[in-house]
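Asker: If you want the building blocks of each chain, they are given just below.
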Amino acid sequence: MGRYITRRVLQGFLTLFLVMFLLHLLTTLAIQLNGNPAQAFFGDRTPSPSQLAAVETRYGLDDPCYDQLGNPCIGPFVERLGDYAQGDFGESLRGRPVTDIVSTAAPNTLRLFVVVTITWLAIGMTLGGIAARRRGKASDHGIRGLSILIDALPIFVLLLVYKYIFSVPLSRWAKDTFGSDSLPALLFKPSFSPQHAWATLIVPGILLGLAGSAAFIRLVRAAQLETYNADHVRTARSKGLSERHVSRHHVVRNSAIPVVTAVGIVFTEALAGAVITEGMMNIYGMGGVLWKAVQDSDVSVVIGVVTLLAAVTVVVMLVVDVVYAALDPRIRYE
Amino acid sequence: MSDPSVSALIAEETQSGVPSRSLWSEAFRTLRRRPDVILATIVAVFFLLVALFPFLFTSKDPQRCDIAESRLPPQWFGGEHPFGTNAYGCDVLAQLVHGTRPSLLLAFIVVGVSVLIGVTLGTVSGYYLGIVDAVVSRIVEVFLVIPLLLAALLLLSLFRNIDLGDGPVSTIAQPAIVLTMFAWMGYTRYVRASVLETKNLDYVTAARVLGASDLRIMVRHVLPNAIGTVTALVPTAIAAVIGTEAVLAFLGIGVRPPAVSWGIMIEEGSQWFTGGSEYLLLFPLGCLMATVLAFVVIGDNLRDALDPKLK
Amino acid sequence: MTTDPTRDGTPVPLLQVDDLAIEFATPDGVVRAVDGLSYSVSAGRTLAIVGESGSGKSVSSLAVMGLLQQPPARIVRGSIRFGGTELLSLGQKAHRAVCGENIAMVFQDALAALNPVHTVGWQLTEALRARHGMSRRDATARAVELLDLVKVPNAKQRVKEYPHQFSGGMRQRVMIAMALSMDPEVLIADEPTTALDVTVQAQIMRLLSEIQAERQMGLILITHDMGVVANVADDVTVMYAGRAVEQASVFDIYAAPAHPYTRALLGSIPRLDQKGGGLAVIPGRPPDPTQVPAGCAFHPRCAFAEDVCRADPPPPTVSLPFDRTSACHFAEEVMNHDEH
Chain C
302 MGRYITRRVL QGFLTLFLVM FLLHLLTTLA IQLNGNPAQA FFGDRTPSPS QLAAVETRYG
362 LDDPCYDQLG NPCIGPFVER LGDYAQGDFG ESLRGRPVTD IVSTAAPNTL RLFVVVTITW
422 LAIGMTLGGI AARRRGKASD HGIRGLSILI DALPIFVLLL VYKYIFSVPL SRWAKDTFGS
482 DSLPALLFKP SFSPQHAWAT LIVPGILLGL AGSAAFIRLV RAAQLETYNA DHVRTARSKG
542 LSERHVSRHH VVRNSAIPVV TAVGIVFTEA LAGAVITEGM MNIYGMGGVL WKAVQDSDVS
602 VVIGVVTLLA AVTVVVMLVV DVVYAALDPR IRYE
Chain D
453 MSDPSVSALI AEETQSGVPS RSLWSEAFRT LRRRPDVILA TIVAVFFLLV ALFPFLFTSK
513 DPQRCDIAES RLPPQWFGGE HPFGTNAYGC DVLAQLVHGT RPSLLLAFIV VGVSVLIGVT
573 LGTVSGYYLG IVDAVVSRIV EVFLVIPLLL AALLLLSLFR NIDLGDGPVS TIAQPAIVLT
633 MFAWMGYTRY VRASVLETKN LDYVTAARVL GASDLRIMVR HVLPNAIGTV TALVPTAIAA
693 VIGTEAVLAF LGIGVRPPAV SWGIMIEEGS QWFTGGSEYL LLFPLGCLMA TVLAFVVIGD
753 NLRDALDPKL K
Chain A
-2 MTTDPTRDGT PVPLLQVDDL AIEFATPDGV VRAVDGLSYS VSAGRTLAIV GESGSGKSVS
58 SLAVMGLLQQ PPARIVRGSI RFGGTELLSL GQKAHRAVCG ENIAMVFQDA LAALNPVHTV
118 GWQLTEALRA RHGMSRRDAT ARAVELLDLV KVPNAKQRVK EYPHQFSGGM RQRVMIAMAL
178 SMDPEVLIAD EPTTALDVTV QAQIMRLLSE IQAERQMGLI LITHDMGVVA NVADDVTVMY
238 AGRAVEQASV FDIYAAPAHP YTRALLGSIP RLDQKGGGLA VIPGRPPDPT QVPAGCAFHP
298 RCAFAEDVCR ADPPPPTVSL PFDRTSACHF AEEVMNHDEH
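Here the protein sequences line up with chains C, D and A, keeping their order. Going by this note's numbering, the first residue of the first sequence is number 302, and it counts up by one from there. Going by this note's numbering, the first residue of the second sequence is number 453, and it counts up by one from there. Going by this note's numbering, the first residue of the third sequence is number -2, and it counts up by one from there.
No lab work stands behind these hints, which were simulated from the structure alone. Computed from a prediction, not measured in an experiment: that's the story for all the values here. The C-beta atom is built at its ideal place from N, Cα and C for all residues, glycine as well. A portion of the hints provided could be inaccurate.
[Unchecked claim] Covered by chain C, per the in silico footprint, the following chain A stretches (three or more residues, Cβ under 8 Å):
#	region
1	12 to 21
2	248 to 261
[Unchecked claim] With a straight-line Cα cutoff of 20 Å, these simulated SDA-like cross-link-like pairs (lysine to any residue) come out:
#	chain 1	residue 1	chain 2	residue 2
3	C	K464	C	Y585
4	A	K157	C	Y585
5	A	K90	C	P630
[Claimed, not checked] Simulated restraints on C-beta separations:
#	chain 1	residue 1	chain 2	residue 2	range
6	C	G371	D	T726	23 to 33 Å
7	A	G80	C	L450	48 to 58 Å
8	C	R304	A	G165	34 to 44 Å
9	A	G80	D	L648	44 to 54 Å
10	D	I519	C	T347	51 to 61 Å
11	D	S589	C	D482	38 to 48 Å
12	D	P487	C	R395	54 to 64 Å
13	A	K90	D	T726	41 to 51 Å
14	A	G281	C	R549	23 to 33 Å
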């Protein structure tokens, strides 16, 4: 087990390095094709060459390789890696360090993900489990229809519908009925409020969790169905164990393996969903920062945040692999 | 396998590769009997027709707008502007009709090219294993770490100022390239797994012993087994790209004005929603939801029909 | 081999199955998988249930254990009694509880039948801990004892290992040890050696009959291999297309089979005492369960078949001397027929 984890951690570092290199190559190519992003600093004004040069130096864009199309710009890449190693992820156009922005924004994203994860587990495990147990019955078909419907409503559409069609009348009603600072009024508030971070995050979090739950429902159902009919479950039943015991120690335990492996994939999707959710609901989280930075053409913030999020993803996938190994001895002893 | 013509050949043959007929005809028989599939197919075909022949559905030019006729409410059929006009006085129906093409074209290009890449890489890495597999798997992992949307946000904002022109393909070229770059990995994984499963089966070994070339074995024996799984993923993937396009357009980095797309219309419409012109949001949103739902329903049923194990 | 072949003074049967009929609902219609099956097994005796796949032998033992999935399966009629208790009227939960304490089952494919994510020791004593509240420490000690009992070497170490770390034969020994963990009175072994090498098969069969003799359990051995039967069984039930076509003591059945199907089965075992003459092959195939032939189900493959066999199903039992039965219109002729 120890060796397995060591190997996966080393692989994770390699992946992360390659991801950064890929991002660097794409950025470089963009700068070479596109002209200087330092220009964005000045908006519509035309800077003098010395002003432009000063900004270029500040963002590390003064290397001549940025003017040569096809040059991979290894020098600046090594420099940037050094900066990352020292915890320097660049600055926004207004001169605020990206790490600073992220450290104030990350807690809100974490809160959002807490709500999202609870929603996934609650909806996925419950509905997926019911569908598996009642295979072929009305509730199975109903749950399947529901998951198709969820699939057909991308988080973007879900949020649009909620924000424009439900949120306004609901929050007006809640304000009139319970008062403007009451919990229901905050729940349905169409935008985030930092003073009431949890309350205003719950509905967007549930919606985002809902959007990802269709995959979970299907997965839990398929995994449990396969396990229900497995020979070893029949063996367990032949021991005269209660159905509850069999379900907990054999069905759920064994079907957890494929479900856990899928968490990694669903997580990256949820990360993308978080960008949309935070952007549209004005939540000041990492995704919201990214959304805003895209709108403001603040390239250095975009690169910094995407790199950080990629690092988080690598860590999550690593954790998933370790949990996977812990759940499945066949992997552990390979 | 460095020869690109070989990969191209594989890719070409996969398109025409015919897997076991019974599976397909069986699947088709199951699907034909389901009313939800029929309805979804009708919706999908309808929007495909709209995308292919927009002039059958409107005679108006979506770009010719009269600001004096701004935000006319829907007059329904018989009126000058059946679905009303937007804030600039453009005909909403004409915009909806002409906005169908970029969304669907983008989706088909992205999914088509990703499937080609995914099938090729998946087959090659599953078949040869060793160093090829190690490299492909590492690349897959690197691309998987960056979520599609994040990559799109980054790249499209980096390349924002590059103008490729106004043609139907060039307006979607940038999102198409970026989305394809980050959408092929799933197919690679599925195909690789399926190739691993198939390649040691007796009849494949027999073909190898008889001296069939690697290419022939891959195309004739190994791939047909993988195609079922991949096909079942396609409609759902199309739905996902349509949804993503809307997000990108909403952010102003997907298909860009003056070209119209549903995403752009949704973005514009959402600004007027509370101002009394709900229809400006509801029409494009409705079209988007109907199309996505149709493809998802088809995909879900196809998955069941081609992979009965999960039923 | 284990007991003398006398038929008098048979003790009260431990497990008694009477007129059992089971149907399955399939997309192609209702299939009768077991039809009017009766048998019984007493302490210290071994009953072999022999038949081809699809003959209903496994389905009937799953019914005994309360492990049939209902639906699609449905027990149409019949009774399954254990020590005087009617199991079928108990309800699934109580049925399984009774079986858990008294009847154990050894399944065919041990790799699939053992849970891959729990250690062998954990699975061996799962029932003891969950049902009898045995402590973890006692359970580990008991698990080692059980592995010793089935002669798994280095048991102390191996209880901590997982099923995939065992060889096929060792895994089947684990299955047997697990079945013995609750000291059952009846053991049902469903093709316990099919997945194994021939030499390992013999070892497992020897182990089973040793343990059975030692503990005086009733043993039901489900198999398609008449060769195995001769060495271990006391009584034999031959099944074909869901019916028991012949029931007799092993001695009688080998001496003179009273059903053409049994006869054909015996003809397909290689024998050392007869030279030359290839193995007999039963012509045709077992019937498609959705389309069982009219009349006697075996008639298309039967060398003795006459018009009556095509038209009328044989009586379920033709009583013959020595307590034996055969479901054949020509049972006596078959029994007395001598081709050698």
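Asker: If a hint holds in the structure, say so; if it does not, say that too.
Answerer: Hint check:
no. : hint                           : in the structure
1   : 12 to 21                       : violated (count 0)
2   : 248 to 261                     : violated (count 0)
3   : C:K464 with C:Y585             : 17 Å, holds
4   : A:K157 with C:Y585             : 51 Å, violated
5   : A:K90 with C:P630              : 31 Å, violated
6   : C:G371 with D:T726: 23 to 33 Å : 50 Å, violated
7   : A:G80 with C:L450: 48 to 58 Å  : 54 Å, holds
8   : C:R304 with A:G165: 34 to 44 Å : 28 Å, violated
9   : A:G80 with D:L648: 44 to 54 Å  : 52 Å, holds
10  : D:I519 with C:T347: 51 to 61 Å : 32 Å, violated
11  : D:S589 with C:D482: 38 to 48 Å : 54 Å, violated
12  : D:P487 with C:R395: 54 to 64 Å : 57 Å, holds
13  : A:K90 with D:T726: 41 to 51 Å  : 59 Å, violated
14  : A:G281 with C:R549: 23 to 33 Å : 48 Å, violated
Hints 1, 2, 4, 5, 6, 8, 10, 11, 13 and 14 from the list above are not met by this structure, while the remaining hints are.
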